[in-house]
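Residues per chain are reported as follows:
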Amino acid sequence: MSDDKIIDLLKNDPKKGMEQIINEYTGLLYSVCRKYLSPGTFCDADIEDCVSDTFCEAYEGINSFDRTRCSIKSWLCVIAKRRATDTLRAYYKRINTSPIDDTVILQSDAFDTEEDLIERSERQRLVCAIKQLDKTDRQIIVRKFFLCQPSKQIAAEMALTVRNVDTRTSRAIKKLQKIMGE
Amino acid sequence: MKKDFYKILDNCSEQELEILLQGVKVSSGSSAEKRIKNKVFSKLGISGKAKKNTLPRRIIAVSAATVAVLSLSVGIYAAYTEAAEYTEAVEYFEENGFSVAGMTRSEIKTLYREIKSRLVITKEDGKTDHIYAKDVVTGTELDGYDRVVENTEKDVINCFIKVDWRDFYSSFERVGSSHFYVTHNGSMVFDYEARGVYLFNYCAVSDGYILVGDHIDLTPDNDISCCGCIIKLDLQGKQLWQMYLDKNGDHQLPYEFTINVAVKENSDKTVAVLGQGFKALTDSDGNIVYYGDRLIKYDFGTIWFFLYEISADGNIINTKEHPSNDSYEIKSFLKMGDGYLLKLNETFVSLTSELEVVNAVNYSEAGYQYVINDICEYDGKIYISADRLALSPNGVDYTHSATKIGAYLLGHLFKGIEKDQLPLYALNLKDEDVTDTVLNSVSAVLFVCDGDMSAPAAFYTVTGAFTKNLSVNDGKLVWETNNIESCSGKHEGYFRDSEKARNSFRISVICECTEYNYTFKGDDSPVEKLKTDTQNKLKF
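Chains as they are written, first to last, in this note's numbering: chain A, 43 to 224; chain B, 11 to 550.
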């Protein structure tokens with residue numbers, strides 16, 4: 043279903059519209075939230091809360107969604123990431139300590155420093171390089187390094203074997219390094 | 011650089027995500043999706059299924075409560091409670107796909123109460139060896155089934171043989187081959203190395219074992235090319251025959267077993283191999299495309315179901331194929347009427363005789379997870395054995411466990427323990443605590459379903475036990491279970507107080523079990539319980 047149709051549904055038939063985006067994007071948002079809310083600290087219910095908050099925020103903010111900027115999918119991912127980092131931040135505040143890897147939380151803050159510009163430039167180069175990979179390799183790299191899915195899950199989702207995933211990952215990394223001139 | 015990919019991609023903008031997420035679709039568990047949907051609808055106050063289902067209960071509750079306040083009558087309040095409970099029970103059974111046709115109002119409530127309070131599973135002495143049956147349709151308890159027959163001889167094929175894999179996932183990478191080995195009472199019977207073959211699945215047949223897997227070759231471009239491979243071993247592990255499915259020169263069987271495959275022996279001793287794979291890539295003239303002069307290229311665009319029927323001496327009798335929309339992790343399969351029934355991890359998928367998907371059935375229950383173990387067709391009905399795992403409020407702990415069942419057990423063991431206390435807790439795990447936790451968390455369950463695989467007509471439960479095999483012997487159905495005697499936790503890992511949050515450790519739950527055989531006759535009634543002499547040690 044197109045984004046326009048979904049937006050239309052959300053505005054005119056909220057139940058159907060929400061059912062549509064929940065059916066379509068729960069898996070993806072679950073992966074995004076799980077990436078930040080590690081199983082050792084957070085349980086499935088925490089992740090489900092985070093995903094459901096994301097959907098609620100999307101529903102409430104649908105009027106501010108700019109269709110020309112990005113798709114619903116990307117928009118939901120950005121909300122999910124913010125929700126997850128908020129949960130993470132609240133957790134560390136509650137236990138009164140700092141996260142092991144401060145970057146996890148700092149990354150959600152938009153610092154416009156020189157360091158940030160360098161990082162942005164590096165990211166743009168990487169995204170351009172990923173864009174040049176073939177469709178399958180691109181998906182594997184995104185699932186592995188953006189969604190942090192294990193090879194087994196990637197294999198199941200993409201109907202490949204685990205070793206195919208690993209081999210393709212290794213080759214794609216080499217290709218990315220070559221494209222980026224490293 | 012590889013390590014940095016995570017970091018760099020972590021902070022992508024919406025536009026960058028637009029590029030990255032093209033074509034990426036992630037499936038979700040249906041139960042998680044349902045829970046999330048309920049939460050969202052509930053929070054937003056949108057009328058959805060979750061809210062709709064509670065409406066009759068609310069009306070009844072409000073009506074009953076009003077009357078109760080007005081009359082201050084205990085009797086009327088009881089009526090309200092009764093009505094609410096009845097409504098709740100009916101909703102529960104409807105939601106879980108159980109038929110309550112033919113049951114009285116009282117029976118429905120009683121059964122619901124039993125299920126909710128788990129009294130449907132009776133534990134007599136805190137141990138494990140008592141089975142009680144509950145027929146869901148009639149609500150009547152089956153009598154005379156707690157009779158224990160000690161130390162009787164039982165002749166069941168493979169009863170005392172444990173078949174297992176060694177280094178299933180790692181052996182190919184390490185030594186370029188895979189092992190299949192069989193032990194008997196803890197001693198090695200044989201260790202077979204399928205050189206160059208990545209084994210996927212196996213089946214114990216009357217005169218040996220059938221193994222299925224991929225034969226691996228490297229292409230000139232250093233890519234991997236695989237072809238299906240079937241191997242038959244005798245009972246001593248000697249290879250009887252081996253066939254490649256695209257190396258006979260005629261390329262009539264050009265499948266790669268990259269997705270999954272299962273094998274079974276038919277009653278006439280022929281072997282059926284059913285799986286999913288990719289077909290060879292062909293050019294516009296229909297000719298197969300090769301790497302170099304012999305290795306086939308595959309068309310990864312379409313997944314195909316395939317079926318091979320093979321004679322006992324390794325000749326192909328019949329083949330079938332059909333395109334599939336999805337990949338299924340086939341663990342085993344049954345011939346069902348004209349079609350086939352595939353057993354996945356937690357789901358069954360029915361196929362027509364032409365390998366077209368008809369439907370998929372999943373058995374679930376609030377608060378529990380079923381891990382399906384075996385399936386058997388007997389007397390026109392389908393018997394399904396599964397491990398029933400109680401879900402912990404703490405969730406499933408995959409971090410410190412090696413197996414799926416182990417992850418569920420650790421969820422219970424670690425209940426209420428703070429993360430930084432886990433290493434210390436793990437070091438001081440007491441056997442009696444582990445035993446108690448496991449006994450209260452697992453049950454072996456046997457479902458009895460009609461041929462259409464709809465909701466089970468009945469089920470049987472053994473508390474504190476893991477299910478094993480189902481087989482038909484002497485015209486009776488035999489259900490084997492591993493009934494737990496005691497459990498212990500074994501920790502492996504590295505602990506350092508200064509790095510508590512980064513401690514890496516794994517806990518294995520070891521269960522000492524006695525094997526029991528439960529025998530059923532044609533009308534689903536259990537007729538005998540047999541405690542065998544076999545002691546099994548299970549590690550999760």
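If you're looking for bench data, these hints aren't it; they were derived computationally from the structure. Any given hint could be a false lead.
Using C-beta positions, here's what the derived DEER-type ranges look like [to be verified]:
| no. | chain 1 | residue 1 | chain 2 | residue 2 | range |
| --- | --- | --- | --- | --- | --- |
| 1 | B | Asp295 | A | Arg124 | 52 to 62 Å |
| 2 | B | Lys414 | A | Ala87 | 16 to 26 Å |
| 3 | B | Ile427 | A | Ser44 | 17 to 27 Å |
| 4 | B | Gly426 | A | Ala132 | 14 to 24 Å |
| 5 | A | Gly103 | B | Glu364 | 26 to 36 Å |
| 6 | B | Ile29 | A | Ser44 | 40 to 50 Å |
| 7 | A | Lys194 | B | Asp201 | 21 to 31 Å |
Rough simulated footprint, nothing fancy, chain A against chain B, three-plus residues with beta-carbon under 8 Å [said to hold, decoys possible]:
| no. | segment |
| --- | --- |
| 8 | 16 to 22 |
| 9 | 27 to 34 |
| 10 | 339 to 346 |
We treat Cβ as the ideally placed atom computed from N, Cα and C, and that holds for glycine.
Here's how the hints hold up against the structure:
1. Judged by the Cβ atoms, the range 52 to 62 Å given for B/Asp295 and A/Arg124 holds: they are separated by roughly 54 Å.
2. Between B/Lys414 and A/Ala87 the C-beta distance comes to about 19 Å, which sits within the given range of 16 to 26 Å.
3. Evaluation of the 17 to 27 Å hint for B/Ile427 and A/Ser44 yields a failure: the beta carbon distance comes to about 48 Å.
4. The supplied range of 14 to 24 Å is met by B/Gly426 and A/Ala132, whose beta-carbon atoms lie about 20 Å from each other.
5. For A/Gly103 and B/Glu364, the Cβ-Cβ distance of about 48 Å falls outside the hinted range of 26 to 36 Å, so the restraint is violated.
6. Between B/Ile29 and A/Ser44 the CB atoms are about 19 Å apart, so this pair departs from the stated range of 40 to 50 Å.
7. In this structure the hint that A/Lys194 and B/Asp201 lie 21 to 31 Å apart at CB holds, the actual value being about 26 Å.
8. Coverage of the segment 16 to 22 of chain B by chain A holds [criterion: at least 3 residues with CB-CB distance below 8 Å; count 7].
9. Look at the segment 27 to 34 of chain B against chain A: 8 of its residues bring a Cβ nearer than 8 Å to a Cβ of that chain, three or more, so the hint holds.
10. With 1 residues bearing a CB less than 8 Å from a CB of chain A, the segment 339 to 346 of chain B misses the requirement of three and the coverage assertion fails.
In summary, the structure is inconsistent with hints 3, 5, 6, 10 from the numbered list given earlier, while agreeing with the others.
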